[in-house]
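These protein sequences, in sequence, are chains A and B.
According to numbering that gives the first Met the number 0, the first sequence is numbered sequentially starting from 0.
According to numbering that gives the first Met the number 0, the second sequence is numbered sequentially starting from 0.
Hints are computed from structural coordinates only; laboratory data are not their basis.
Each hint should be verified, as a subset may be incorrect.
Claimed, not checked - Below, computed lysine-lysine pairings styled on DSS-like, alpha-carbon distance capped at 30 Å:
{"no.": "1", "chain 1": "A", "residue 1": "K191", "chain 2": "B", "residue 2": "K2"}
{"no.": "2", "chain 1": "A", "residue 1": "K191", "chain 2": "B", "residue 2": "K20"}
{"no.": "3", "chain 1": "B", "residue 1": "K32", "chain 2": "A", "residue 2": "K212"}
{"no.": "4", "chain 1": "A", "residue 1": "K35", "chain 2": "A", "residue 2": "K212"}
Please read all numbers here as calculations on a predicted model, not as lab measurements.
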Amino acid sequence: MTEQRLKIALTKGRVEKQVLPLLEQAGVDCSQVRNKQRRLIFDSETQPYEFILAKGPDVTTFLERGAADIGIVGNDILTEHQSTQYELLDLGIGKCQFVLASTADFDPVAPRRKIIGTKYPLITQRYFDQLGQDVEIVKIEGSVELAPLTGLADAIVDITETGTTIRENHLQIYDYLQPVSTRLVVNRLSLKQHQAAIFDLVDRLAAVVAEPKPKELA
Amino acid sequence: MLKHLLPLGTRDEFGTRARTKQHLIAVIQAHFKQRGLAPIATPLLENEAVFDQYQMGNYQLYRLLSNNGRTLVLRPDLTLPIARFISATNVPLPQKFCYVGDIFRVSRQLSGSYNQMTQAGIELVGYASLKAELECLTIANQLSAELIADAVEIELGDAQFAQRVVASLTDNENNQQEILAALFDKQLPRYAELIATYQDQPIYDFLQAWPRLFGRPVEIFAQLDAAPLPASVQPSLQRLQTVVDWMQRTMPEQAVSIDLSSQAPQKYYTGLTFRGYSTAGAGYLFSGGRYDKLLTNFQAQAEPAVGMGLNVDLLTTLATKQQTSLAKQLLYFDPEQWPQAEAYLAQQPNASLSLADDLAGAQAEAQRLNAELIDLTGGVTND
Numbered sequence: 000m001t002e003q004r005l006k007i008a009l010t011k012g013r014v015e016k017q018v019l020p021l022l023e024q025a026g027v028d029c030s031q032v033r034n035k036q037r038r039l040i041f042d043s044e045t046q047p048y049e050f051i052l053a054k055g056p057d058v059t060t061f062l063e064r065g066a067a068d069i070g071i072v073g074n075d076i077l078t079e080h081q082s083t084q085y086e087l088l089d090l091g092i093g094k095c096q097f098v099l100a101s102t103a104d105f106d107p108v109a110p111r112r113k114i115i116g117t118k119y120p121l122i123t124q125r126y127f128d129q130l131g132q133d134v135e136i137v138k139i140e141g142s143v144e145l146a147p148l149t150g151l152a153d154a155i156v157d158i159t160e161t162g163t164t165i166r167e168n169h170l171q172i173y174d175y176l177q178p179v180s181t182r183l184v185v186n187r188l189s190l191k192q193h194q195a196a197i198f199d200l201v202d203r204l205a206a207v208v209a210e211p212k213p214k215e216l217a
Numbered sequence: 000m001l002k003h004l005l006p007l008g009t010r011d012e013f014g015t016r017a018r019t020k021q022h023l024i025a026v027i028q029a030h031f032k033q034r035g036l037a038p039i040a041t042p043l044l045e046n047e048a049v050f051d052q053y054q055m056g057n058y059q060l061y062r063l064l065s066n067n068g069r070t071l072v073l074r075p076d077l078t079l080p081i082a083r084f085i086s087a088t089n090v091p092l093p094q095k096f097c098y099v100g101d102i103f104r105v106s107r108q109l110s111g112s113y114n115q116m117t118q119a120g121i122e123l124v125g126y127a128s129l130k131a132e133l134e135c136l137t138i139a140n141q142l143s144a145e146l147i148a149d150a151v152e153i154e155l156g157d158a159q160f161a162q163r164v165v166a167s168l169t170d171n172e173n174n175q176q177e178i179l180a181a182l183f184d185k186q187l188p189r190y191a192e193l194i195a196t197y198q199d200q201p202i203y204d205f206l207q208a209w210p211r212l213f214g215r216p217v218e219i220f221a222q223l224d225a226a227p228l229p230a231s232v233q234p235s236l237q238r239l240q241t242v243v244d245w246m247q248r249t250m251p252e253q254a255v256s257i258d259l260s261s262q263a264p265q266k267y268y269t270g271l272t273f274r275g276y277s278t279a280g281a282g283y284l285f286s287g288g289r290y291d292k293l294l295t296n297f298q299a300q301a302e303p304a305v306g307m308g309l310n311v312d313l314l315t316t317l318a319t320k321q322q323t324s325l326a327k328q329l330l331y332f333d334p335e336q337w338p339q340a341e342a343y344l345a346q347q348p349n350a351s352l353s354l355a356d357d358l359a360g361a362q363a364e365a366q367r368l369n370a371e372l373i374d375l376t377g378g379v380t381n382d
């Protein structure tokens, strides 16, 4: 019988940096990923894992198409891209929050159709649907804070970790939406095909995540 | 941009893939015919209301407007049109239908998914006996062996089990639906929050283990035996045990598993459900189950029924990968040698006739097609 290998799609950048220590504590050898140079795919010789480094939205596409068995990605992207795969574990890293923010003169209850800038049109639409408000959404790919400052939008919906970028751009927070963190997601059929191997990894990671952090110990 | 490119999510099928798909369809249709199933073909276009019961998930419908302003759709499913056909005609029941046809579901743009899919299937309508499920499972077992070389695992489930367990927890329907959604999507962080309410109840250990309630029957039944489950799920579990025992007796080589933590393939299912997958495929090869109430959407009287659909495109992908390609042969011959060429063709599945008028033309044709040229003229042509 051939060894079953798990393809793990990992969001490159900040998520990658935060998740590698967790994987290592869970006994996964990540040395190839740490010494990646310009490579994006890593096949471990010692363990049944193959790592793929990709942007967050692409991690969801790899999972949906069955090109990866496991994905590690923020739930902001999972929600926005309407992921239909299994979300097995909250890794407790990459914690931040969706907020509604704008300039000081913004009136959230002004009786008019507001223009909202965001990278997350679906999440924004759902938020304003819950409020019963019809808004015009403008999709912005980066530096969302610019939208209210330049008059492109009345307000923005974006994620923030500490609120620093928002404050430094002279914006203020008007409402808090759902929290965000990094999740371990599994392709539905992969879970059937590699049940034991996937649950083994999930259980090891869950034990690491549940361990008290240094701050909590103090 | 070029005007004549294909719309997103569609494809042409040509050469090996087209040939493989046609072969698979021929095998499936011959199998259906041999079992005495009645073929049915329904239109690609239906009124949108036919699919009111259909769960589209992340898909959309292709919608068109008719001359009189009614909304028509390209069918996303082949079971509901057959239910519509039964309710609108006096076709005698029970009846065993079979079909092969295309369905259309608009997936997320630029996701790499195709919007037109070929499905084959059977609908056994008017049969209340468990024998109907067993005939579907027999067909699934036989066809998977005939169509692909990969081992296929058949996974059994029950459309009512999860609903009955959550109904025993709470009368609050919103809470029931939230738990089911988190369970079925295995959104485990959310699921853990929702079941925390029941941590003082004897069923809590089962609730914690429930998202992993899939796998080998012997292990799943052992877990179920130890759990304080409501009496309302016992008929479902007894039926599952009966089917597993029957499969192990009649098709002992068939890998079987049970999944009681997933959603039924469609919400119109009411009893036993089943799906099949191979270790190589990125999707289910077939799925089906009992749907005893589907016809009440179209007529007053319910009819017991069991159906199953096969994903012909995924079967084709797997079968194409497994094919060892034979070298093509091209036959050059004199028109007087036509019977001889035909005899050669009949024996060589990878040969075809060169229609070139001379040997040089045949040689050029063979080169273009990367084929071996078989010259029946022996260099002597009768031009």
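Self-check item: Numbers of the earlier hints that this structure fails to satisfy, in rising order
Solution: Going through the list in order, the structure violates hints 1 and 3 and respects the others.
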